[in-house]
Amino acid sequence: MFETVKSFFSSLFPSLFSDQDSVRIGLYGPPNGGKTTLANRISEDWMDEEMGSVSEIAHETREVKVKEEVTIEKDGKSLSFNLVDTPGIATKIDYEEFVEQGMEEDDARSRAKEATKGVIESIKWLDSVDVVIIVLDAAVDPYTQVNISTVGNLEARDIPALLVANKIDLEEADVEQVRSAFPQYDVVPISAKEGDNIETFYQALVDMV
Amino acid sequence: MITFKFLPYKEIEGLTTKKRIEKILGLVKENEIVLLEGRLEAEEETKLIQRTMQEVDDDFTGIEISVLHQHEVESGLFEQVKGKLIDLLLGNSYGFTLIGSAEVIKEVEQDPDKIEFFAEDTG
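These protein sequence lines map, in sequence, to chains S and W.
Residue numbering for the first sequence follows my numbering, beginning at -9 and increasing consecutively.
Residue numbering for the second sequence follows my numbering, beginning at 51 and increasing consecutively.
Isolated chain S (complex conformation) (with noise of 0.2 angstroms):
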């Protein structure tokens, strides 16, 4: 009980919880780009359990979700962290496009309202987060102006970011278009579905923060 009331104050205040001992891992990007499918791939294979629902109809994750105390170990390092999981960040979110996917249209309507409250508590949430892993799909145009600009923020911000190509299980990856479209990075191909490249990206994790 505590921890839900705490979990909810902290997601509208997030520097009033600030723990300076606690290095704050943020995963960002569009929606749809794997956030959440990765967030459970690192909770799963280091504390045994899911952290949120993944979905095919974009922002299914319409809150700030914290995993606390995530500890990875690998090759003699460990990296200690609380994990957080952002809602996809957007510059329009129209409800008929939930309903043309099949969504009553009161459930689509909510959904729009949820997930536009997202995007702001997303964009909030940068002032509270340490390092920020950047997850895209790498089966989609990676140059958008949203994707952009949130590497901007970070770059003006001074923090840290890895970036991952997400889905290359995916025939349609384009792993080459990621790195092409943001060449100051170091990108790491993964699919957090499949677990595919997973260790490589673990120990970039470790080495980077």
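The set of hints was computed from the structure by calculation and includes no laboratory data.
Take these hints with a grain of salt, some might be off.
[Claimed, not checked] Derived BS3-like pairs: lysine-lysine, alpha-carbon spacing no greater than 30 angstroms straight-line:
| id | chain 1 | residue 1 | chain 2 | residue 2 |
| --- | --- | --- | --- | --- |
| 1 | W | K156 | W | K69 |
| 2 | W | K97 | S | K114 |
| 3 | W | K79 | W | K69 |
| 4 | W | K68 | S | K107 |
| 5 | W | K79 | S | K107 |
| 6 | S | K103 | W | K69 |
| 7 | S | K103 | W | K68 |
Fit chain W to the known structure of chain S by using the hints.
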């Protein structure tokens, strides 16, 4: 009819972030496609997205935004030096930013050299 509003950088240069966003969103919500000379700061862009999300309703589903600022992704030494010089001399007044309502701009395709967009006449 699809209409464009060219916004010279000097028209927003002296404004606070809040006023810049209000001006741009005001035009966008009148279904103007705004062609801004230069660009906003990255943090201003995210504030614009935040403010846009607060305004989303049945009639306004958000915005499309795209920035043409070529040297941003060029990684060669000469391009980097050129980019730094341009930033030093012109600041954010270099490049162009396209912003429009998502009801008007249906799709944007962007790469470092060009922006292509597909607009729909809502009038």
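Please list, smallest to largest, the hint numbers that this structure does not respect. No numbers; nothing is violated.
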